[in-house]
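> Taken in order, these protein sequences are the chains called F and R.
Position one of the first sequence corresponds to residue 1 (our numbering), numbered consecutively onward.
Position one of the second sequence corresponds to residue 1 (our numbering), numbered consecutively onward.
You may find that some hints are simply not true.
[To be verified] Per label pair, the in silico range of CB-to-CB distance:
hint	chain 1	residue 1	chain 2	residue 2	range
1	R	32	F	427	50 to 56 Å
2	F	403	R	43	19 to 25 Å
3	R	43	F	415	38 to 44 Å
4	R	37	F	402	54 to 60 Å
5	F	422	R	37	20 to 26 Å
6	F	205	R	352	35 to 41 Å
[As the list claims (entries may be wrong)] In silico lysine to aspartate or glutamate, EDC-like type, Cα no more than 16 Å apart, as pairs:
hint	chain 1	residue 1	chain 2	residue 2
7	F	324	F	162
8	F	288	F	302
9	R	350	R	16
10	F	87	R	5
11	F	87	R	181
12	R	350	R	46
13	R	231	R	219
14	R	93	F	419
15	R	129	R	219
Hints are computed from structural coordinates only; laboratory data are not their basis.
All residues carry an ideal CB built from backbone N, CA and C; glycine is no exception.
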Amino acid sequence: MKLKLTALALSALMAAGPAMAELVFPSLSYRTGPYGANGIPFADGYADYFTLLNERDGGIGGVMTRVPECETAYNTEKGVECYEATKGDNPLIYQPLSTGITYQLIPKVSADGFPLHTMGYGRTSAANGKIFEWVFNYPANYWDGASIAINYLLDENGGSLEGKKIALVYHNSAYGKEPIRTLQELAAKHGYELLEIPVDHPGQEQKSQWLQIRQQRPDFVLMWGWGVMNQVAIQEAANIRFPMENFIGVWWSGSENDVIPAGAGADGYKSLNMHNIGTDFPLYDDLKTHVYDAGMAAGAGDQMGTVLYNRGIYAAMLAAEAAKTAQEIHGTAQINAAQMRDGMEALEITEEKMAALGMPNFGPAFSVTCENHGGSGRAKIQQWDADTQTWTILTDWIDSDRSVIDPLIAADSAAYAAEAGVEERCN
Amino acid sequence: MFYREAGDFSTTYQQDSQTFPIKFDRYRYYIVLAVAFGIIPFIINDYWASAVFVPFLIYAIAAMGLNILTGYCGQVSLGTGGFMAVGAYACYKLMTAFPDVSIVLHVLLSGFITAGVGVLFGLPSLRIKGFYLAVATLAAQFFLVWLFNRVGWFYNYSASGQISAPERTVFSIPVTGPNTEAWAKYMICLVFVVVLAWVARNLTRGALGRQWMAIRDMDIAAEIIGVNPLKAKLTAFAVSSFFVGIAGALFFAVYLGAVEVGEVFGIQKSFLVLFMIIIGGLGSIFGSFAGAAFLVLLPVLLKNVLVGGLGWPTDLAAHLELMIVGGLIITFLIAEPHGLAQLWRVAKEKLRLWPFPH
Numbered sequence: 001m002k003l004k005l006t007a008l009a010l011s012a013l014m015a016a017g018p019a020m021a022e023l024v025f026p027s028l029s030y031r032t033g034p035y036g037a038n039g040i041p042f043a044d045g046y047a048d049y050f051t052l053l054n055e056r057d058g059g060i061g062g063v064m065t066r067v068p069e070c071e072t073a074y075n076t077e078k079g080v081e082c083y084e085a086t087k088g089d090n091p092l093i094y095q096p097l098s099t100g101i102t103y104q105l106i107p108k109v110s111a112d113g114f115p116l117h118t119m120g121y122g123r124t125s126a127a128n129g130k131i132f133e134w135v136f137n138y139p140a141n142y143w144d145g146a147s148i149a150i151n152y153l154l155d156e157n158g159g160s161l162e163g164k165k166i167a168l169v170y171h172n173s174a175y176g177k178e179p180i181r182t183l184q185e186l187a188a189k190h191g192y193e194l195l196e197i198p199v200d201h202p203g204q205e206q207k208s209q210w211l212q213i214r215q216q217r218p219d220f221v222l223m224w225g226w227g228v229m230n231q232v233a234i235q236e237a238a239n240i241r242f243p244m245e246n247f248i249g250v251w252w253s254g255s256e257n258d259v260i261p262a263g264a265g266a267d268g269y270k271s272l273n274m275h276n277i278g279t280d281f282p283l284y285d286d287l288k289t290h291v292y293d294a295g296m297a298a299g300a301g302d303q304m305g306t307v308l309y310n311r312g313i314y315a316a317m318l319a320a321e322a323a324k325t326a327q328e329i330h331g332t333a334q335i336n337a338a339q340m341r342d343g344m345e346a347l348e349i350t351e352e353k354m355a356a357l358g359m360p361n362f363g364p365a366f367s368v369t370c371e372n373h374g375g376s377g378r379a380k381i382q383q384w385d386a387d388t389q390t391w392t393i394l395t396d397w398i399d400s401d402r403s404v405i406d407p408l409i410a411a412d413s414a415a416y417a418a419e420a421g422v423e424e425r426c427n
Numbered sequence: 001m002f003y004r005e006a007g008d009f010s011t012t013y014q015q016d017s018q019t020f021p022i023k024f025d026r027y028r029y030y031i032v033l034a035v036a037f038g039i040i041p042f043i044i045n046d047y048w049a050s051a052v053f054v055p056f057l058i059y060a061i062a063a064m065g066l067n068i069l070t071g072y073c074g075q076v077s078l079g080t081g082g083f084m085a086v087g088a089y090a091c092y093k094l095m096t097a098f099p100d101v102s103i104v105l106h107v108l109l110s111g112f113i114t115a116g117v118g119v120l121f122g123l124p125s126l127r128i129k130g131f132y133l134a135v136a137t138l139a140a141q142f143f144l145v146w147l148f149n150r151v152g153w154f155y156n157y158s159a160s161g162q163i164s165a166p167e168r169t170v171f172s173i174p175v176t177g178p179n180t181e182a183w184a185k186y187m188i189c190l191v192f193v194v195v196l197a198w199v200a201r202n203l204t205r206g207a208l209g210r211q212w213m214a215i216r217d218m219d220i221a222a223e224i225i226g227v228n229p230l231k232a233k234l235t236a237f238a239v240s241s242f243f244v245g246i247a248g249a250l251f252f253a254v255y256l257g258a259v260e261v262g263e264v265f266g267i268q269k270s271f272l273v274l275f276m277i278i279i280g281g282l283g284s285i286f287g288s289f290a291g292a293a294f295l296v297l298l299p300v301l302l303k304n305v306l307v308g309g310l311g312w313p314t315d316l317a318a319h320l321e322l323m324i325v326g327g328l329i330i331t332f333l334i335a336e337p338h339g340l341a342q343l344w345r346v347a348k349e350k351l352r353l354w355p356f357p358h
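Take these sequences, add in the hints, and give me the full structure.
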């Protein structure tokens with residue numbers, strides 16, 4: 001059996017051997033398991049954008065792109081396997097879409113020299129480029145998200161949350177625990193009371209958590225959920241008749257998959273978002289001509305225009321723009337992972353650039369520097385309308401409270417640096 | 001023809017009671033060891049280490065541990081994941097508290113700590129058995145995972161609740177952390193596997209193993225012939241948890257490097273290891289290896305064939321993988337309810353007569 005395995009893996013390796021002149025963007029996707037509903041649209045968007053670049057522009061800077069997919073099922077063991085399986089392929093950037101896998105990969109990519117982009121997830125303190133050379137989490141991170149949600153609530157409540165009670169319903173994992181420290185600091189600053197309510201993986205059973213919410217009557221509920229947990233939480237909130245406009249999810253708890261199962265009960269539910277929504281962008285015309293109508297759409301081809309599909313496109317766009325920047329800096333079209341990292345560190349996203357790409361006002365304008373790998377840290381608030389089955393953007397870009405977040409990032413990254421023995425860069 | 005006792009004479013008592021009484025088996029064993037120690041470390045790469053060999057070896061340790069408890073002593077346990085978590089968190093606390101002490105010692109100590117916890121959760125086995133005991137160990141599983149998620153001390157109050165393994169060396173070669181070479185990862189696991197398999201084999205055929213088996217076969221009869229059930233059951237829990245704890249420590253420190261308790265050591269892990277010993281064969285050391293190989297290697301093999309070889313979509317391959325592995329498990333259990341080890345035993349019996357069966 002082992003022999004057979006060796007032979008098969010060898011033939012597989014040879015089939016996927018090193019082909020020259022291509023840019024490889026591995027997609028560690030998950031289309032199965034309890035998080036599959038959210039993994040599919042992201043993976044489709046990611047793949048479709050690169051297909052568009054290949055079909056319309058002949059790749060990036062004249063070099064074709066390739067997006068090998070590897071199924072992780074949001075499982076860290078499979079994530080490790082996928083990383084090891086793809087790292088011999090000259091990958092330019094890893095985007096695992098899982099905070100658990102990100103924690104596994106941070107030390108590995110730092111040792112092997114591959115950039116890791118965790119867009120709005122992963123380890124928040126990776127925003128400190130002085131410590132995390134290979135890890136990026138622009139345009140915004142969890143702590144920004146927590147602070148933006150609180151800033152929005154401050155705005156709604158005339159600038160004061162004194163005496164209010166805010167519950168955080170979170171996925172009981174590294175992902176869900178990330179915002180707690182920030183919310184505690186902000187609680188001290190703004191005088192609200194924080195109620196922490198964990199939900200264990202995968203989150204299909206939340207009766208007791210929502211019973212607790214019914215008893216303790218928080219004024220607002222924030223949610224850090226993912227996958228099936230979102231749907232269940234929104235359904236449970238509807239069941240206990242919690243006022244939906246006081247229920248705000250992070251950007252990972254605000255897609256169509258999360259609200260549609262709750263039907264009319266989900267009406268008014270709010271969530272953060274780090275990019276714009278809908279198909280009303282010139283980019284979608286190109287996608288239709290070059291990808292959908294050509295029958296090259298990834299997956300089942302039914303996810304266009306959903307929140308997470310747009311997020312996949314956004315992630316792919318940021319990666320492609322970083323690759324372009326890297327090509328300009330190094331004067332070569334066939335960049336490698338180290339050059340890609342330089343490109344990411346010099347990445348600048350402006351309104352003009354996004355408009356030229358056919359995505360006007362799609363995401364925030366931001367620039368990445370050696371010190372700041374976290375981008376601008378802005379997000380919008382969107383609200384679900386159950387009748388029309390659409391999200392509506394309610395606000396403009398909201399800034400996070402850097403005076404609270406920056407010291408937290410400095411402290412947490414310093415702890416990592418001490419643990420892993422990392423020297424500060426950018427000095 | 002090759003595989004027979006004839007002509008192989010034992011001249012000492014040691015020879016008479018050796019593990020492999022047939023010459024062919026003995027040579028096969030030495031060849032496997034020679035390949036494992038002499039050839040694989042020189043040709044192994046990161047993918048083979050991280051996706052195939054290291055998980056296989058670590059799961060083999062966990063399966064041996066559970067096999068001692070369930071296969072040899074007859075005490076069903078669903079707490080394997082929780083006990084692996086104890087090993088992992090003990091190893092993490094020791095690694096960070098005493099950075100200068102050798103990692104090998106830390107892993108062994110994690111095993112002993114897990115053994116202590118295992119004995120504690122083994123106490124109900126003195127009064128209950130069968131399904132009731134399974135439920136009691138299930139409580140251990142959930143309690144331990146909850147504990148490591150809840151109490152900050154266990155994960156050194158890190159913001160995310162994750163534990164990550166710092167770099168530690170053996171003979172100044174890193175075996176944990178991101179700079180570990182593939183062969184170093186493989187070798188440390190292999191050494192633990194070989195030593196622990198040797199220990200398990202010799203424990204199970206000695207007085208202690210016979211006591212466990214007597215308890216498994218009929219505890220009242222065992223008590224009447226003078227086996228102390230308290231001692232037998234609790235030693236089974238202790239030894240089993242020791243193995244499982246070492247597996248957990250290696251799983252965290254060498255294999256994954258960073259661990260989130262709910263995801264990695266959840267109830268699925270308990271079931272996975274239980275399936276390994278059921279498919280491999282209860283009450284067999286070889287069965288532990290066979291079961292671990294079956295459940296670790298087969299999904300990786302299927303994935304490489306379906307996605308790498310045939311180029312099918314990853315989601316289709318992932319679903320098919322579940323169906324094929326599930327189908328094979330059922331087929332195997334119908335064809336041979338006593339697991340792969342029994343198939344192996346039957347094959348050996350046939351081989352003895354080959355090529356002239358009656």
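> May I ask which of the numbered hints given earlier this structure violates, with the numbers listed in increasing order?
2, 5, 6, 7, 9, 10, 12
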